[in-house]
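Student: Read off the chains here:
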Amino acid sequence: MENCLIETRGLTRRFGHQLAVNNLNLSVPAAGVYGFLGPNGAGKTTAIRMLLGLIRPNAGEVRLFGQPLKANHLSLMRRVGALVESPSLYPHLTGRENLEVTRRLLGSPRELIDVALDIIKLKKDAGRRVREYSLGMRQRLGLALALLNKPELLILDEPTNGLDPAGIHEMRDLIRRLPEEFGVTVFLSSHLLSEVEQIAGHIGIIHEGSLLFQGPLAELQQKQQTKLTVGVKQLEQAINCLANAGWTVKRVDELLNVSAKTPEDAVRINNLLVDQRLEVFHLSLSQGSLEDIFLTLTNGQMARSAA
Amino acid sequence: MAFFRALHAEALKLRRTLAFRVIFVLPFLVALLQFFIVLRTKKFPAGFRLWETIGTNSLQIWAVFMMPLLIALVTALLNGIEHSDKLWKHLFALPVPRQSVYLSKFVVAQSLMLVSTFVLAVLVIVVGIASTYLKPDLANPGPIPYLWFAKQAAFVWLASWLIIAIHTWISMRWSGFPIALGAGIGGTFFALFAASASLGKYYPWLLPMNIFIEGRLAVALALGIGGGIVAALLGCFEFVRRDVA
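Protein chains in written order, with our numbering: chain A, 1 to 307; chain B, 308 to 552.
The set of hints was computed from the structure by calculation and includes no laboratory data.
Some hints here could point you the wrong way.
Unchecked claim - The calculated EDC-like cross-link candidates involving lysine to aspartate or glutamate, where the alpha carbons are at most 16 Å apart (straight line), are:
id, chain 1, residue 1, chain 2, residue 2
1, B, Lys-393, A, Glu-85
2, A, Lys-70, B, Glu-359
3, B, Lys-393, B, Glu-521
4, A, Lys-233, A, Asp-275
5, A, Lys-150, A, Asp-114
6, A, Lys-227, A, Asp-275
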């Protein structure tokens, strides 16, 4: 893929006998938000730690901005901001002092503190000690720390973890604004597809250390399947009738899922059932949710047996 | 330079910390003890050298007991603030060499011990001045030997570099107080036995005390300073290669 900000080749990391990340090949394009999805324990944080050079891979390579990370760690980190898991803050210092500590380390100009505070809307509380902060405020301050060196690439690991709905909403709005207003590319990990699909243009899905899908969100959406849900009083007879006519039928509680794709299919199935004097009380054609795809990809076995 | 930026950042982190308070409290306790010793002494021998006596006495209590424990406490506090909220992962994802973070921690610990040791020297001088008013037979103790105090305090401090380097590494490497304080108490405890042995000459926790023992000053200073620098570099070498959890 041309113009990749993050590229990994065969990235692998073991902890003892456990393979945390297995032959991971990420390609994160510049601009926009890349959603790095996977259930808890899938290897997201381990992968992110390797992207930042916090831990070393057993095999494979990380390239940021087209350059190998290993040989250029300092110069590459100058262009990257990161928030890994919970924000790392000094509770005995104020919000502003926390930013000042990182600013001194970076040697960046003083004005950037106010810029960062403006972006995360925390100016009013900047003089309070962080130990008095709510989780949402801490998370926003963590984001401000990541923004302090005016990064071109922002790596955020589960930035909404543990936040209440209002906090999640606020964080999501903030992240959405970053690429548009500041031209930052955001690499965002999450275990919630519903959250990522609202802001990400690109998606990578990781499960048990391996990448299951990577590409534009639209491509993932194309994998969505339509399904026809039928409610009929005589369930057993309906199943037989539809199966005989060549449809694949699955019973879900008191309803049936039929492998129909178009409205015409729905009409045909309805007629078939009514002709047999079966009493239809529900008929709906719907798109399978992305959540379904996600579950199918990450846990195919379970998703299928549940269906 | 990255090291000075890291040092500048460390200075801000000290604000409102216990580490920055305790370095004043412990010298005060030693000086107070010295004050009561002078106060309770009924008779002073003829030719009693007030300044040298209380100076040596206090600095010895300091060197053998208070200082090693304070080093354990201060380094554990300094690095505890990084461990508590998992700040290493933030620090090491910044474009800052890990070495400069490590070495700035060492230098801050050194600086705090320097301040603390000189605070003790000043407080002991204050105790001496107070005694000249409270004890008639100490009325004319002669001029205050400022230079002698400065030299003794500096020697004690220089000889403690090795302990500081060891504790800097321990407290960076392991989070929490038990290991850091355990090492400090253990090191100080064995010093009681090592003091009488000839190998005590090289025992890190005895080096600050050894500057008061005849024939041990040169080794105490050489091993304190040289060993301190080498241990700091070795600790740094080990630490920067670690995975950051």
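Student: Which numbered hints does this structure break?
Tutor: 2, 3, 6
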